[in-house]
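Asker: Sequence:
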Amino acid sequence: MLLINRRVMCHLGLVVYLFFANSLFAANGKQNPAIAEKSKPLTIIIFAVTESASDVFDGISKRAVVHRELTDWQKNKVFASKASIVVLAQSGQKKCGVPNLVIGKNNYALKVIEKSRPVGQLSSWEMIKSIVKKYSNQKRPLNLVLISPGKNICDVDLCQKVATQKFTNVTTHVVGMALSHREKKLMQCLTSQTGGVFLNAKNISHLKLSLEDMHKRLLLHSKYNASLVSLNVSKPVKTGKTFKLIMTGHGNRFDRIVIRSVDRKVSYSYIYPFAQERVKQNPTKPLSKTSKRTLIMRAPLRVGEYRVSYLSVVDNKEIAVASLNVIKVVAKLDATLSATAGSKIRIEWTGPADRYDQIRIVAKSDPGKPLAYNYVRTSKNGVMFLHLPARPGVYEIHYLGKDDKVLANNVVVALPAKVTLESPETVVAGVPFQISWQAPVNQYDRIRILSIEKPDKSLAHIYAGSYPKSNATMIAPRQSGSYVLQYISSDKSILAHRVFRVTAAKVNLMTGTEVVAGQFLRVKWQGDISQYDQIQIVRNRQKSNMNQAKKKNNMSHDVLDSVNKAYARVYAGYSKKGVANLEVPEKAGAYEVIYITRDKVILARQPLSVLGASANINPLRPVSPGSKFKVAWQGPANRYDSIRITRKIKTRVPDSKSLVPNSSKPELSCAPQPKKLKSTAYAYVNMYANRVISFIAPLESGEYEVQYMTRHNKCLAMTRLLVKHKGL
745 MLLINRRVMC
755 HLGLVVYLFF
765 ANSLFAANGK
775 QNPAIAEKSK
785 PLTIIIFAVT
795 ESASDVFDGI
805 SKRAVVHREL
815 TDWQKNKVFA
825 SKASIVVLAQ
835 SGQKKCGVPN
845 LVIGKNNYAL
855 KVIEKSRPVG
865 QLSSWEMIKS
875 IVKKYSNQKR
885 PLNLVLISPG
895 KNICDVDLCQ
905 KVATQKFTNV
915 TTHVVGMALS
925 HREKKLMQCL
935 TSQTGGVFLN
945 AKNISHLKLS
955 LEDMHKRLLL
965 HSKYNASLVS
975 LNVSKPVKTG
985 KTFKLIMTGH
995 GNRFDRIVIR
1005 SVDRKVSYSY
1015 IYPFAQERVK
1025 QNPTKPLSKT
1035 SKRTLIMRAP
1045 LRVGEYRVSY
1055 LSVVDNKEIA
1065 VASLNVIKVV
1075 AKLDATLSAT
1085 AGSKIRIEWT
1095 GPADRYDQIR
1105 IVAKSDPGKP
1115 LAYNYVRTSK
1125 NGVMFLHLPA
1135 RPGVYEIHYL
1145 GKDDKVLANN
1155 VVVALPAKVT
1165 LESPETVVAG
1175 VPFQISWQAP
1185 VNQYDRIRIL
1195 SIEKPDKSLA
1205 HIYAGSYPKS
1215 NATMIAPRQS
1225 GSYVLQYISS
1235 DKSILAHRVF
1245 RVTAAKVNLM
1255 TGTEVVAGQF
1265 LRVKWQGDIS
1275 QYDQIQIVRN
1285 RQKSNMNQAK
1295 KKNNMSHDVL
1305 DSVNKAYARV
1315 YAGYSKKGVA
1325 NLEVPEKAGA
1335 YEVIYITRDK
1345 VILARQPLSV
1355 LGASANINPL
1365 RPVSPGSKFK
1375 VAWQGPANRY
1385 DSIRITRKIK
1395 TRVPDSKSLV
1405 PNSSKPELSC
1415 APQPKKLKST
1425 AYAYVNMYAN
1435 RVISFIAPLE
1445 SGEYEVQYMT
1455 RHNKCLAMTR
1465 LLVKHKGL
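Numbering (my numbering), first residue to last: 745 to 1472.
Think of the hints as simulated: they come from the structure by calculation, not from any bench. Treat the numbers as computed from the prediction; the structure is a model and nothing was measured. Each hint should be verified, as a subset may be incorrect.
What the hints assert, rightly or not - Within a straight-line C-alpha distance of at most 25 Å, the following computed BS3-like cross-link-like pairs (lysine-lysine) qualify:
#1 Lys982 <-> Lys1072
#2 Lys985 <-> Lys873
#3 Lys1236 <-> Lys1250
#4 Lys1072 <-> Lys979
#5 Lys1162 <-> Lys1149
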């Protein structure tokens, strides 16, 4: 166990050592770290060796993770680069103790970590304080990178101690490995007090990303000071408006410019001035050679003094600053003095432009109730369009800011609108007719049809805003009488009206009076036709029932009740020539052909007598299985009538009235067959004009039935077929 723990420490320390050392000095390979500039930070990688260094991480032990990374690095011979400083902090005590610092360089770091033992607990404060004290004579900024395996951090008041000490030129970064909630709070406080970054890895892949992120942050270390970068805002800026910020100097790609309060506690907006640049050069050098540039930012929504800060990506320190004075925006409205009632007017505005600021049109008598409104954020370039009320009068336009305070107002006069409405004086019931109008159309203006006798109920309506050409088609009511066409504004004001009369529709039906059941009946119609009218075949009702429905509905024509079933139907708009074929019911009886409107008003009718259909199948001689035989038949030969061969049904009862010609034996009655009974063969009769059909006999011997079936599975005739082998 001791040997395994030493290997874990060795592997982890070597990975961290090579990773950061190679990143920091690969760009300046010829430069010796020992003679680096004094202004260049000294990076110290600290690995805290505690008992938790041998815990399981993401399902496998930490030693396995480190061993895998170490193997890859050895193959790539990364040990050749001379690295920065790696410090191993360890404790031989089980309680919270002062760490023993072991400093390693180059390959010596591997040997030191191999001999270490992950036991006891450590104090992060004592560890950092010891390292800062040891390297204080370097007189260089220190970048401390603490790799914490978790648990066993015994500090209690770490945050308070760091805030009291206030190290100068010391930045502490922490990469944690699945730290607990308490440990995360301690490390976050440590990094925030010293201007560093805290990253907590939850698994192996997250750990790799965290190390890569830390690696990039150290490479992007900025060596610019306030004399190289400057910011300038030339004049006061109105609330919520964009302004130009003049920046001179150079910076790194992820440096930020932030607008924040004077006390630096609240940030409002920020930009990355160099984020879009992609220059192929040394990462430690500036990405831009532009000495002066103009940036666009947006001012906060509150009046006051603000601080525009240039922050470095490395330590988040303020490199340059400019003052920003945000002043109040005076709201103004500019609109026409008068316009036609209901028309759309153009309103130009200036104001604070807060998210919930509104522009309203209100009546002087009731300023709290908006007749039209919209949010200023929905307008473009300070221009908004609103509809005036439909009623003539004097109105006010208000700009409402926070707390519904009126910041600006304007007066507008709504002049009487000239609305005209055109339609025919007489139309046929149920027939479409054309209307047109001239008006300052509002989106929700309506044109409706009312009965003069019952003006409280709208029979039909359309929205005028849906017809940009100011003309439309409406369908006349089904009942004859006097009606009125009205143009209604969005506030329910009647702007125009026109009276017209509806006359009864006249339709003629032409068809035969007798037809055989199941056949198709040819029907012709002409007259005042509507697209959704129907021609139907229904049962002939008694005159008393028809008169009762007519009286009940107060109609000049008969009304079809809901009980009457339509056996066949077709829409009048289906045929442009007014001709259609309707399938006659298969049950004989008295029917009628009717012309019915969409409102079930019967405009025309013709009586129809349906005669019963009959059929006959000639007797058949016995046949051999699989042999060919012919069936001769007589019948109506309607579409989809068929001859079918089925197994004999044992439950059939002999019918003495059905006799086979030239035979004294009774034939089985043509009763309905079971639904699950399958046909062994069938053929449609309308395909055989000579009324003879050839079949192939079933392969199985026995008694069969040959039936004449209609489209709706009604049997009209039947005979028996005996299938047997010859000689039997």
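Asker: Decide, hint by hint, whether the structure agrees.
Answerer: Hint by hint, here is what the structure shows:
{"no.": "1", "hint": "Lys982 <-> Lys1072", "result": "holds, 6 Å"}
{"no.": "2", "hint": "Lys985 <-> Lys873", "result": "violated, 48 Å"}
{"no.": "3", "hint": "Lys1236 <-> Lys1250", "result": "violated, 36 Å"}
{"no.": "4", "hint": "Lys1072 <-> Lys979", "result": "holds, 14 Å"}
{"no.": "5", "hint": "Lys1162 <-> Lys1149", "result": "violated, 36 Å"}
Hint violations for this structure: numbers 2, 3 and 5, all remaining hints satisfied.
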